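Asks: Chains E and A, in that order, are what the protein sequence lines are. In this text, residue positions in the first sequence follow the working numbering: the first is 1, and each later residue adds one. In this text, residue positions in the second sequence follow the working numbering: the first is 1001, and each later residue adds one.
These are computed hints drawn from the structure, not numbers from a lab. Treat the numbers as computed from the prediction; the structure is a model and nothing was measured. We put the CB at the ideal spot given by N, CA and C, even for glycine. Some hints could be false.
[As the list claims (entries may be wrong)] Label-pair restraints from in silico Cβ distances:
| hint | chain 1 | residue 1 | chain 2 | residue 2 | range |
| --- | --- | --- | --- | --- | --- |
| 1 | A | Gly1483 | E | Asn26 | 35 to 43 Å |
| 2 | A | Lys1444 | E | Pro9 | 26 to 34 Å |
| 3 | E | Tyr176 | A | Ala1482 | 51 to 59 Å |
[To be verified] Derived lysine-lysine pairs resembling PhoX-like cross-links, with alpha carbons at most 25 Å apart:
| hint | chain 1 | residue 1 | chain 2 | residue 2 |
| --- | --- | --- | --- | --- |
| 4 | A | Lys1166 | A | Lys1055 |
| 5 | E | Lys81 | A | Lys1210 |
| 6 | A | Lys1171 | E | Lys81 |
| 7 | E | Lys149 | E | Lys81 |
| 8 | A | Lys1336 | A | Lys1444 |
| 9 | E | Lys103 | A | Lys1171 |
[Stated by the list, open to error] Listed below are several chain E residues computed to face chain A (Cβ distance under 8 Å; list not exhaustive):
| hint | residue |
| --- | --- |
| 10 | Ser53 |
| 11 | Tyr54 |
| 12 | Ser77 |
Each chain, letter by letter, is given below.
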Amino acid sequence: MILEIKKYPTPPSVQYATDVRVFDQNIFSLIDNMEETINANNLDGLAAFQVGSYYNIILIKNEDGTFIELLNPRLISTNGKITTTEKTAYFPNLSAAVQRHDKISIVYQDRSGAQHSLQADGALSVLLQRKIDYTFGSTFLPKLSKDEKARFEKKLEFGADVAISEVCPTTFKRDYLTKLSNILTIIIAAIFVVSLFVSEVEMLSSLWKTQLYFSYGVLATNIIYFFYAQYEGKSYSSCTSCQIGNIVGTTVISLTKLTLVMILSYFFVNPF
Amino acid sequence: MARLVVLGGGVSGHTAATFAAKWLGSAHEVVVVTPNAKWNWIPSNIWVGVGQMSKEEVTFDLAPVYAKAGITYKQAKALSLNPEGNATSNKPFVTVEFTAAGKEGTTENIEYDYIINATGPKLNFGATPGLGEGSNLGEHTVSVCTADHAVHASHELEKCIQKMKKGERQKFLIGTGHGMCTCQGAAFEYIFNIEHELNRAGVRDMADIKWISNESFLGDFGVGGLHMKTMGYAVSSKIFAESLFTERGVDWIIGAHVNKVESGKAHYELLDGTMGEEEFNFSMLIPPFAGVGLKAFDKAGEDITATVFAPNGFMKVDANYAAGAYENWKASDWPKTYQNPTYSNMFACGIAFAPPHPISKPMSSPNGTPINPTPPRTGMPSGIIGKAVAHSICDRILKGENAPLHEASMANMGAACVASAGKGLFNGTAAAMTIYPVVPDFEKYPGTGRDTDYTFGEIGLAGHWIKHILHHLFIWKAKLKAGWTLIPE
């Protein structure tokens, strides 16, 4: 019987795998069905977990069409690192660059429960590691580097393995301008608080002038921010049009804060 | 007046003795026999081992606490049990040898009506050549199993830090020192606390840190791993642990039986049958546990140790020791009342009872060497079991010999574990995990054998704060200060 392979977005790890304890006909039937499923879908390997079974079983298809049946596999030792582009049936038509161990040694049981060990390197090593991850309820997602994960999530959003050279970053250089604007506004507000304890007209006058200079600075910073932010957003092709909304919103918030603090200062600090 | 003798004053024995004294009142006698003058909150030894706590902060004198509780305290170690008495008396007794200064070596027979064996384990360093002799730590590695060991470990760690500051690269090897160890959690905490301290000292880049353990996968922890439900996803402890190790730059060797330790080098055998060796400048390897070596004799003086104790030296209780192969293991194999099947007035709790089989999948190398974690009995289950056993005995003393026994099976019990990964008020981290039940019940919960709704985990600063609060809370409870009975085990 050909089994249905679970695919994204069905969460893979809400289910989980457990060791085979009783080696009986149920397990043998599952293995036979997995073999049929591999042949029908032209796969190089399959974890029972991928077809909705919680048993810790992996099947690997050899080049001659025979199968390696691995029950309760454990990755025991590793050597070296290798990064390859991997595909898996769980994410159809998608691929990701995943760093794996180059050479591995695993122990596993066969249908009779007898224990064996297997040394693998290169493509077989990568395939086994990916399948063992499944048996512990995980895809290759947690293995991806931060950048590769961001790229892969973008691919998931598009639903295809499109070539994405870069992703829209979550932080920009323009953020420094926002920070500068906020710091200047805080200084103006601090001067306002200080002025409440000052009664000399001359002192109040110099405080008000300082506030005015700083407010020009905030204004200028926001103007530079508004135009530079748009320029910076356009330099990332994957950034969506909602960026302009963020830029306008940030500018309006910043100027509103400035206006409020300056209105208060006009009435309480300005001695004229 | 009935007399209850409690052998051992660790988490389980201390809990059992103090609750029994409270429930029995002054009408009956509770005697505690323990070779130690001080009580030790063992989970915090990790912080002593990295110099973040002193020995005094994790220990306190037992004598004043027992005096306050009305418990007769004998600083002595138990040697043998005579559950049928001897030729001159039918009264069962335990023979103890005093360890207190001035009385060392003198022995005494203490008669009892009921006895609780809560001796904890013998730290079996001698099982691995080079790791130590008998229960004594060897010269090549350090340990955090006792407060004194932890103080020694922190001094050795400081020496390494000084060497690194002078530009000398150091290798750290932390984990289990035998194929049949338990307590992976303690080693897990220690390796990440060391990593944290090296960062704090500014020498992390001069250190190569490696984990070595008998688990068949990272995150087994002696309980066959667990699936932590967090934010709607069930994440395997393997994925969780591998992520943490990778993030902290800690390499690992698993499925390893350390078979020999030399100066600066550990030899090991892997589950695939291959042999390897690992060099180190600093190594903390947890020893395997065994029973403390109590003997038992019948009325005629014949040795009945094999009747009372399992081959590993732990006391037999109401467990199914004939479960056989892995596929036959059931939750019901695990003891419920902790009563000895031969002598109904003998109980065992904490690490001192003989578990029916491991929790993790049994595995061995092609050479026939068994390499799998043995079942852990951490503070929470030990405390709960100790209290349940004390309850049973108090009921039998106060209500009669047919009073039903209280049950506390690890297959019906959850456990919470907070594993420290670095100490610091603002930059500390700890993994907080709950697991239910401790022993998987494959019939009740097909699949992993556990209820994932009650098995979850999280790592972060809040976990560290909880761990630190628990340190003070449990020492408060153990000192029997105001409200101690309200603090859970």
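Asks: Now tell me, hint by hint, if it's right for this structure.
Replies: These are the hints, each one checked on the structure:
With their beta carbons about 53 Å apart, glycine 1483 of chain A and asparagine 26 of chain E fall outside the hinted range of 35 to 43 Å. Between lysine 1444 of chain A and proline 9 of chain E the C-beta distance comes to about 31 Å, which sits within the given range of 26 to 34 Å. A hinted range of 51 to 59 Å holds for the C-beta pair tyrosine 176 of chain E and alanine 1482 of chain A, which are about 55 Å apart. Between lysine 1166 of chain A and lysine 1055 of chain A the CA atoms are separated by roughly 28 Å; this puts the pair beyond 25 Å, and the hint is violated.
A threshold of 25 Å between alpha carbons decides the hint, and for lysine 81 of chain E with lysine 1210 of chain A the separation of about 17 Å falls inside it, so the pair holds. At most 25 Å may separate the alpha-carbon atoms for a hinted pair to count; lysine 1171 of chain A and lysine 81 of chain E meet this at roughly 21 Å. With a C-alpha separation of about 18 Å, the suggested pair lysine 149 of chain E and lysine 81 of chain E falls inside the 25 Å cut-off, and the hint holds. Proximity of lysine 1336 of chain A to lysine 1444 of chain A is assessed by CA-CA distance (about 17 Å); at most 25 Å being required, the pair is judged to hold.
For a cut-off of 25 Å, the pair hint linking lysine 103 of chain E to lysine 1171 of chain A stands: about 23 Å separates their Cα positions. Given hint, serine 53 of chain E at the interface with chain A, is violated; its Cβ is 10 Å from that chain's nearest Cβ, farther than 8 Å. With a least beta-carbon distance of about 5 Å to chain A, the hint placing tyrosine 54 of chain E at the interface is held under the 8 Å criterion. Against a cut-off of 8 Å between C-beta atoms, the interface hint on serine 77 of chain E holds, since the closest Cβ of chain A lies about 6 Å away.
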